[in-house]
Amino acid sequence: MSLTTRYRRVLTLQVLEVVGVVIAIMASYVVTGAVVYGDHLPIFVHRGLLGAGSASLLSLVLFGPLRYFTVRERPTVERLAQIVGVVLFSELTFVAYMYFTQNTRFEIVAFFMAAGLQIVLLMAVKLLVTARKNRILASYPAAVIGPADEAPELLQRVRAAGAKDLRFLAYDQPSFGDDLKAVEVVYVAVDAPFDVKRHVVAESVRYNQDVFLVPETYEISMHRSSVSQIGDVPVFALERYRLGAFDRIVKRAFDLVLGLIGLIVSAPITLLVAAAIKLDDGGPVFYRQVRVGRRGRPFQIVKFRTMKTDAEDATGPVFAQRNDPRTTRIGKFLRSTRLDELPQLLNVVHGTMSLVGPRPERPEFVEQFQQQIDEFHIRTLVKPGLTGLAQVMGRYTTPPEDKLRFDMIYIQEYSVPLDLKIMLLTFRVLLAKAKADGFEPDADDRG
Numbered sequence: 001m002s003l004t005t006r007y008r009r010v011l012t013l014q015v016l017e018v019v020g021v022v023i024a025i026m027a028s029y030v031v032t033g034a035v036v037y038g039d040h041l042p043i044f045v046h047r048g049l050l051g052a053g054s055a056s057l058l059s060l061v062l063f064g065p066l067r068y069f070t071v072r073e074r075p076t077v078e079r080l081a082q083i084v085g086v087v088l089f090s091e092l093t094f095v096a097y098m099y100f101t102q103n104t105r106f107e108i109v110a111f112f113m114a115a116g117l118q119i120v121l122l123m124a125v126k127l128l129v130t131a132r133k134n135r136i137l138a139s140y141p142a143a144v145i146g147p148a149d150e151a152p153e154l155l156q157r158v159r160a161a162g163a164k165d166l167r168f169l170a171y172d173q174p175s176f177g178d179d180l181k182a183v184e185v186v187y188v189a190v191d192a193p194f195d196v197k198r199h200v201v202a203e204s205v206r207y208n209q210d211v212f213l214v215p216e217t218y219e220i221s222m223h224r225s226s227v228s229q230i231g232d233v234p235v236f237a238l239e240r241y242r243l244g245a246f247d248r249i250v251k252r253a254f255d256l257v258l259g260l261i262g263l264i265v266s267a268p269i270t271l272l273v274a275a276a277i278k279l280d281d282g283g284p285v286f287y288r289q290v291r292v293g294r295r296g297r298p299f300q301i302v303k304f305r306t307m308k309t310d311a312e313d314a315t316g317p318v319f320a321q322r323n324d325p326r327t328t329r330i331g332k333f334l335r336s337t338r339l340d341e342l343p344q345l346l347n348v349v350h351g352t353m354s355l356v357g358p359r360p361e362r363p364e365f366v367e368q369f370q371q372q373i374d375e376f377h378i379r380t381l382v383k384p385g386l387t388g389l390a391q392v393m394g395r396y397t398t399p400p401e402d403k404l405r406f407d408m409i410y411i412q413e414y415s416v417p418l419d420l421k422i423m424l425l426t427f428r429v430l431l432a433k434a435k436a437d438g439f440e441p442d443a444d445d446r447g
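Here the working numbering is used: position 324 in the sequence shown is 324, and no number is missing along the way.
These are computed hints drawn from the structure, not numbers from a lab.
None of the values given here were measured: they were computed from a predicted structure.
Each hint should be verified, as a subset may be incorrect.
[What the hints assert, rightly or not] Pairs of lysine-lysine, DSS-like flavour, derived with a Cα cap of 27 Å:
(1) 278 <-> 332
(2) 332 <-> 133
(3) 164 <-> 181
(4) 133 <-> 164
(5) 181 <-> 197
(6) 181 <-> 133
[Stated by the list, open to error] Label-pair restraints from in silico Cβ distances:
(7) 275 <-> 16: 37 to 45 Å
(8) 74 <-> 219: 17 to 25 Å
(9) 227 <-> 191: 35 to 43 Å
(10) 260 <-> 164: 29 to 37 Å
(11) 216 <-> 275: 27 to 35 Å
(12) 298 <-> 263: 20 to 28 Å
(13) 367 <-> 67: 35 to 43 Å
(14) 27 <-> 266: 14 to 22 Å
(15) 242 <-> 61: 49 to 57 Å
We treat Cβ as the ideally placed atom computed from N, Cα and C, and that holds for glycine.
Kindly generate the complete structure, drawing on both the sequences and the hints.
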């Protein structure tokens with residue numbers, strides 16, 4: 001399949017998606033009118049149909065700034081959040097239109113039915129288009145550029161993401177320039193020299209290629225920078241890694257309310273798990289361990305015990321491993337379902353942890369990582385979390401430096417909607433058994 005053919009197919013899909021959005025919105029109003037109002041369909045009274053069409057047009061306008069119709073798709077949860085926001089806004093606008101121009105009151109059941117149908121239909125359209133688009137994009141000739149010792153790992157990750165026609169290009173080979181022209185998607189490893197990165201970016205403009213750069217940790221600081229100048233020299237003014245006073249107040253209120261609700265709702269599960277642990281080996285139900293919190297302050301984390309009581313007597317602090325022999329029978333189930341972390345809601349309510357944030361590490365490991373990674377202390381500028389961006393985007397096998405990148409991005413991008421998105425993604429991760437296997441750098445070793 002040629003480049004022109006692929007782009008033509010993707011463009012056709014985008015046009016069909018726009019048409020599908022309009023049809024889905026119009027259909028939701030027609031079905032709602034037929035079910036709720038019977039023969040007296042308000043959308044067909046006078047200019048009612050025009051109102052539904054206007055709502056469709058408004059939705060398209062609102063989707064534009066959200067980059068809803070893009071070549072490469074965003075995570076499903078993010079798209080769902082966009083759909084819900086746009087539908088609610090356009091629905092309110094449609095109701096106002098019908099009331100002020102047609103003197104027609106929308107029943108509350110009609111409002112929610114139309115909104116629900118729109119969300120379901122729009123999500124169905126998005127999923128169908130995304131599935132087809134991903135199949136086309138996966139066929140693009142792609143290349144990984146980087147040092148030979150780093151290439152296998154990045155190649156494996158890109159291939160696991162769905163790329164089919166994938167190769168490795170060594171930037172120190174004479175044929176590198178010609179080989180680069182033959183691909184349409186380029187992935188640049190973090191350790192590629194600066195001159196190579198600059199050359200790849202420049203060539204991507206010339207040959208209309210998609211480029212994905214794995215950023216150095218310091219480069220993430222430029223993500224939210226503002227452009228300024230000193231005389232006639234352009235500069236980036238870097239944003240500080242911190243949450244403002246208002247953000248901290250909102251986040252604390254968010255944690256307190258949802259944490260209390262979580263404790264109440266999970267009380268029956270807590271009792272059942274506590275009984276199961278006691279019956280399993282008769283040992284203590286809970287396990288406390290010192291972790292590093294905000295600003296490097298130590299605190300005690302609370303978890304259900306999942307390992308034998310003498311797990312560290314012979315080894316000292318070590319990382320948990322796949323099929324760890326120190327894990328109890330009930331502990332294996334608790335770890336795979338993350339139920340062992342349920343008591344951490346007590347830490348959230350107490351204020352030493354947040355629902356969302358970087359995972360708390362043990363002091364021994366923090367000291368080790370800080371010696372290896374200069375920016376590792378940045379993750380302690382916010383409270384550690386029960387879940388986090390690194391946990392939902394990575395795996396237990398994800399190296400600490402890659403997890404740090406996600407933590408740094410989270411601190412820069414913090415918002416309540418982002419916290420909600422991460423919490424929703426957490427439920428998806430809980431259902432993915434692969435996420436629960438293997439090396440667990442943020443796990444305790446007995447609890």
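Comparing the hints with the structure gives:
Simply put, residue 278 and residue 332 have alpha-carbon atoms about 15 Å apart, close enough for the 27 Å limit, and the pair holds. For a cut-off of 27 Å, the pair hint linking residue 332 to residue 133 is broken: about 39 Å separates their Cα positions. About 18 Å separates the Cα atoms of residue 164 and residue 181, which keeps this hinted pair within 27 Å; it holds. About 14 Å separates the Cα atoms of residue 133 and residue 164, which keeps this hinted pair within 27 Å; it holds.
Among the hinted pairs, residue 181 with residue 197 is consistent with the structure: their alpha-carbon atoms are about 15 Å apart, no more than 27 Å. Only pairs whose Cα atoms come within 27 Å are accepted, and residue 181 paired with residue 133 is accepted, the gap being roughly 23 Å. Distance hint for residue 275 and residue 16: a CB-CB separation of about 55 Å, inconsistent with the stated range 37 to 45 Å. Taken as a hint, the range 17 to 25 Å holds for the pair residue 74 and residue 219, whose Cβ atoms sit roughly 21 Å apart.
Distance hint check: the CB atoms of residue 227 and residue 191 are about 28 Å apart, inconsistent with the given range 35 to 43 Å. For residue 260 paired with residue 164, a C-beta distance near 49 Å fails the hint of 29 to 37 Å. The given range of 27 to 35 Å is broken by residue 216 and residue 275, whose C-beta atoms sit roughly 49 Å from each other. For residue 298 and residue 263, the Cβ-Cβ distance of about 24 Å falls inside the hinted range of 20 to 28 Å, so the restraint holds.
Roughly 41 Å separates the CB atoms of residue 367 and residue 67, a value that falls within the hinted 35 to 43 Å. At about 40 Å, the beta-carbon gap between residue 27 and residue 266 misses the expected band of 14 to 22 Å. Roughly 35 Å separates the CB atoms of residue 242 and residue 61, a value that falls outside the hinted 49 to 57 Å.
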